[in-house]
Amino acid sequence: MNDLLNNDLLRRMLFLPEQASTFAVSVDRLHYFVITTTMVASSVVGAAAVYFFFRFRRISATQTTPFVHPTVGFEVAVVSVPLAVFLLWFVIGFGDYAKLANPPPDAMDVYVMGKQWMWKFAYPDGPNSVGVLHVPANRPVRLLMTSRDVIHSFFIPAFRLKQDVLPNRYTETWFQATKPGRYQVLCAEYCGTQHSKMWATVIVLAPEAFDAWLKEQQRGLVARADILADPDMVSIQGNLVEQGKRVAMDQGCMRCHSINKAVNDTERHIGPTWVDLYQRPTKLTSGATIIADEAYLTESMMEPNIKIVSGYQPIMPSYQGKLSGPDAAAVVEYIKSLRSDSSELQPVKGPVYEQLRQ
Amino acid sequence: MSSSASSPSASALSAPAIVPGDYVFPEHHYLNNGTTVRSWLLTLDHKRIALLYMSVVMVSFLLGGIFAMVIRIELLTPGPTIIEALTYNRMFTLHGVVMIFLFMIPAIPAVFGNFFLPIMIGAKDVAFPRWNLVSFYLYFFGAILAVWGMVNGGTDTGWTFYTPYSTTTAQGVLPVLLGVFVIGFSSILTGLNFIVTIHTLRAPGITWFKLPLFIWAIYGTAIIQVLATPVIGLVALLLCAESAFGFGFFDPARGGDPVLFQHLFWFYSHPAVYIMVLPAMGVISETVAAYSRKNVFGYGMIAASSLGIAFVGFFAWGHHLFTSGQSAFDAGAFAVISMLVGVFTAIKVFNWVGTLYKGAIAFTAPFAYICGFLFFLVFGGMTGVALATVSLDIHWQDTYFVIAHFHFIMVGAVIMGFLAGLHYWFPKMFGRTYHEGWALVSAALIVLGFNATFIPQFLLGNAGMPRRYYEYPERFQALNVASTAGASLLAFGFVIIAIYLGFALFYGPVAGPNPWGSRGYEWMTPSPPPTENFDVTPSYVHPPHDYTDEAVDDPGFAHARTT
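Here the protein sequences line up with chains A and B, keeping their order. Going by our numbering, the first sequence opens with residue 12, and the numbers climb by one from there. Going by our numbering, the second sequence opens with residue 13, and the numbers climb by one from there.
Simulated from the structure, these hints should not be mistaken for lab results. Mixed in with the good hints, there may be bad ones.
Each computed SDA-like pair below joins lysine to any residue, with the alpha-carbon atoms no more than 20 Å apart [stated by the list, open to error]:
#1 A/Lys208 x B/Arg84
#2 A/Lys110 x B/Ala340
#3 A/Lys126 x B/Gly337
#4 B/Lys370 x A/Tyr62
#5 A/Lys126 x A/Asp19
#6 A/Lys226 x A/Met119
#7 A/Lys333 x A/Phe221
#8 B/Lys370 x A/Val79
#9 B/Lys222 x B/Ile467
#10 B/Lys370 x A/Pro77
#11 A/Lys190 x A/Phe221
Chain A residues, not near chain B, derived (Cβ > 10 Å throughout) [unchecked claim]:
#12 Pro28
#13 Val143
#14 Asn149
#15 Gly192
#16 Ala199
#17 Glu253
#18 Leu288
#19 Met313
#20 Ile317
#21 Pro325
#22 Ile326
#23 Pro328
#24 Leu334
Per label pair, the in silico range of CB-to-CB distance [said to hold, decoys possible]:
#25 A/Lys110 x B/Leu239: 31 to 39 Å
#26 B/Asp565 x A/Gly106: 58 to 66 Å
#27 B/Phe259 x A/Gly142: 33 to 41 Å
#28 B/Ala510 x A/Ala95: 44 to 52 Å
#29 A/Thr82 x B/Leu239: 33 to 41 Å
#30 A/Ala95 x B/Leu460: 31 to 39 Å
Bear in mind the structure is a predicted one, so any value in this text is a computation, not a measurement. Every residue gets a Cβ at the ideal spot worked out from N, C-alpha and C, and that includes glycine.
Based on the provided sequences and hints, a complete structural model is requested.
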């Protein structure tokens with residue numbers, strides 16, 4: 012039975028594209044089962060009608076016929092048999108759907124943004140790109156998606172994957188690609204005159220090749236500042252601020268550092284305030300004055316007691332190993348966003364990651 | 013005149029045993045009771061109003077069909093073929109709006125429902141004849157407003173008007189939405205009128221369980237029309253307010269929620285599918301009994317399932333939003349409820365097939381459409397349940413698979429029902445019969461052409477071609493060409509029907525009161541019926557479609573006898 016359901020012949024007969032994700036394999040298996048049941052049911056109904064037609068042809072225009080009622084058994088059967096078949100489909104299908112709705116916790120995140128009429132991709136700890144998405148094979152990848160204008164729908168036929176992309180809201184889905192190769196991304200929700208050209212490519216790389224590619228991209232980030240400076244990526248980087256705030260809350264940073272102007276004026280916290288910290292000339296206990304740039308902020312998280320701000324005690328624990336690279340970068344972004352001269356978060360422009368080199 | 017002699021067994025395969033000259037055309041009937049334009053345009057006769065509807069519905073069908081052919085020709089090549097992208101987007105919008113709001117929703121209820129509902133329950137007219145006329149004019153002016161608006165404003169949103177695209181596009185959407193709003197009132201008035209008529213105007217002897225099944229179907233439809241249509245009116249107004257005055261109901265940039273629009277839109281538009289399909293099912297219940305000369309098997313189950321579909325149809329709308337980001341729990345709940353529609357439909361299918369058992373079946377053009385209907389409904393219905401199987405929908409949503417599925421139901425099943433009804437009731441409505449040979453030829457062309465059009469579209473959906481694509485990757489071309497070829501065949505079939513029915517309207521052989529020997533109640537009166545529907549008050553002793561010995565010998569149903 013399993014062989015039949017994994018049959019490549021059936022896949023070709025149904026014009027399905029190749030199966031390039033784990034989800035594609037399980038969905039196609041259900042597809043074969045459903046289509047087979049449908050064919051059998053249609054044929055049985057059709058055959059019964061044809062048989063009755065030949066068996067009970069009219070022989071006279073005035074022919075009379077008996078008054079026939081269905082039995083209770085028939086009535087029960089016509090309700091319960093279809094219901095049972097449909098519920099069986101549902102149980103199998105809903106199981107797969109529930110899996111799709113719950114990305115595995117170790118999934119790699121990629122931000123996807125749709126806009127009329129292109130797809131943009133950004134990695135939390137790496138490059139971003141327009142129209143080409145690189146992902147590793149055999150590792151779960153979670154897509155966090157939003158739109159800048161109207162509703163789009165991110166559709167990879169070879170992965171049997173589709174998720175609407177909404178403005179001002181994040182939707183997510185995930186997949187695990189199984190075969191290295193190039194696959195087409197289509198927009199499936201009508202979005203205007205160029206809707207049918209809103210395509211992109213997913214390039215699935217073997218895991219080692221992907222790691223090498225990612226490293227290469229991170230090295231080349233500065234050189235690709237033109238793409239990074241694209242203002243359309245602002246909303247995704249803006250989201251990094253949210254992530255940074257969350258990380259800071261989780262790590263308990265606010266027990267010692269304030270993020271509030273009023274508090275800043277009236278009382279002194281255990282650590283220096285984060286408000287207006289970025290780019291502030293800061294006097295250290297060594298007597299030197301430095302500018303609190305990204306490098307300094309990152310260093311202060313990892314090795315806090317090397318450069319102590321004048322007037323404070325060297326008591327902050329190191330976050331080396333506790334904060335991942337992306338999280339540390341997100342916290343830096345969050346600190347950068349805390350300006351007393353602005354009531355709202357300033358969008359962050361330009362590259363933020365090149366300061367992370369240690 | 014009803015009992016002219018004809019040899020009883022000369023018609024083993026072609027039921028109408030009519031020899032031209034057997035019958036004379038009635039002298040007074042609803043068609044010649046007043047011949048001025050005014051007597052037609054201001055008529056209160058439900059039969060004439062039905063014909064007014066029919067003329068506009070047919071023009072709408074022609075328009076929608078032309079738009080469909082333009083779309084199919086454009087899709088012959090992967091790149092631009094005959095029109096540009098914006099024109100293409102306007103074409104599928106026109107096609108959808110015209111076919112759904114102007115053709116499909118009024119087609120069976122407003123034409124056959126109006127004409128036959130009073131006759132089938134032994135009434136002289138509907139309960140509110142003036143409302144009936146008002147309802148027609150609301151439909152007529154709403155239709156003109158919508159079509160004018162789309163042509164003039166160039167609406168390019170698709171018939172679904174999804175926000176925020178519809179509130180941000182440069183093309184005009186206001187007139188078409190107002191048109192939909194006005195047509196909605198027509199639908200509500202018709203539904204209310206039918207409900208009141210069925211409750212209050214049944215002739216003595218016609219109890220609820222002796223109602224023809226077409227009436228049960230129309231009753232279920234009317235309930236949906238009355239309860240669901242206000243929601244589309246509301247959505248249309250909200251959308252108008254948003255595009256005209258910048259309210260932020262649905263636009264996230266102004267604090268609205270675009271998915272809310274989808275919920276509201278489908279809260280009407282999903283039940284609307286049953287406004288279209290239920291009456292077609294009613295027609296099939298009537299015709300399958302008439303052409304197999306058998307009582308409808310499982311009458312009670314079919315009647316109950318019509319109400320069942322009308323009821324659960326209200327709670328299934330969320331299956332249009334499986335990929336919109338609704339919760340997994342919602343998706344599961346909507347999926348199971350959607351499947352109940354499939355169960356109710358299956359009940360009907362099994363009972364129709366059961367009706368054939370021990371019947372006396374004549375293979376006529378309407379029977380050919382019944383066969384087509386059964387195939388399209390079973391296959392279209394089961395692919396619908398497959399789409400409700402949530403994980404499969406992830407791949408199929410917004411692809412040609414969905415297009416093929418709903419065309420199987422809405423074109424396949426509904427048009428087969430409409431054509432079966434048109435051929436079955438044509439002699440009653442116009443008093444003349446058509447050429448059976450040509451009718452069978454066009455039925456074969458339409459069923460084949462329909463399959464050739466839409467089976468490739470199922471496969472296109474499997475292959476991953478999204479809907480509303482002006483251009484497409486080259487690998488989809490072969491199936492698109494096949495689909496366009498099938499559509500040409502389908503169009504050709506409709507042209508043949510228009511020719512032989514147009515001819516029969518004036519020159520067809522006189523039909524007589526009951527050319528099919530049917531025992532549906534509407535055949536108890538002359539064809540075409542008099543303005544008051546009956547010359548002699550009929551008595552209703554037997555249930556409809558009772559072909560047992562004593563029922564056929566019942567003198568109260570003299571017209572049903574052909575010997």
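Checked hints:
1. A/Lys208 x B/Arg84: Between lysine 208 of chain A and arginine 84 of chain B the Cα gap is close to 19 Å, so the pair holds against 20 Å.
2. A/Lys110 x B/Ala340: Roughly 10 Å between the alpha carbons, so the hint for lysine 110 of chain A and alanine 340 of chain B holds.
3. A/Lys126 x B/Gly337: holds, 18 Å
4. B/Lys370 x A/Tyr62: holds, 11 Å
5. A/Lys126 x A/Asp19: Violated, because 36 Å separates the two Cα atoms, which is more than 20 Å.
6. A/Lys226 x A/Met119: holds, 15 Å
7. A/Lys333 x A/Phe221: violated, 25 Å
8. B/Lys370 x A/Val79: Measuring from Cα to Cα gives roughly 8 Å; hence the hint holds.
9. B/Lys222 x B/Ile467: This hinted pair is violated, its Cα atoms lying about 40 Å apart.
10. B/Lys370 x A/Pro77: holds, 7 Å
11. A/Lys190 x A/Phe221: Since the Cα atoms of lysine 190 of chain A and phenylalanine 221 of chain A sit roughly 13 Å apart, the hinted pair holds (cutoff 20 Å).
12. Pro28: violated, 6 Å
13. Val143: holds, 17 Å
14. Asn149: holds, 21 Å
15. Gly192: holds, 15 Å
16. Ala199: Label violated. Min Cβ-Cβ 4 Å, cutoff 10 Å.
17. Glu253: Fine: 17 Å to the nearest Cβ keeps glutamate 253 of chain A off the interface.
18. Leu288: The claim stands: leucine 288 of chain A keeps its Cβ more than 10 Å from every Cβ of chain B (closest is about 33 Å).
19. Met313: Given that every Cβ of chain B is farther than 10 Å from that of methionine 313 of chain A, nearest at about 38 Å, it holds.
20. Ile317: With a cut-off of 10 Å, isoleucine 317 of chain A remains clear of chain B, as the shortest Cβ separation is near 46 Å.
21. Pro325: holds, 48 Å
22. Ile326: holds, 45 Å
23. Pro328: holds, 40 Å
24. Leu334: holds, 31 Å
25. A/Lys110 x B/Leu239: 31 to 39 Å: holds, 37 Å
26. B/Asp565 x A/Gly106: 58 to 66 Å: Since aspartate 565 of chain B and glycine 106 of chain A have Cβ atoms about 60 Å apart, the given range 58 to 66 Å holds.
27. B/Phe259 x A/Gly142: 33 to 41 Å: Distance hint for phenylalanine 259 of chain B, glycine 142 of chain A holds at roughly 36 Å.
28. B/Ala510 x A/Ala95: 44 to 52 Å: Holds, at about 45 Å.
29. A/Thr82 x B/Leu239: 33 to 41 Å: holds, 35 Å
30. A/Ala95 x B/Leu460: 31 to 39 Å: Holds, at about 34 Å.
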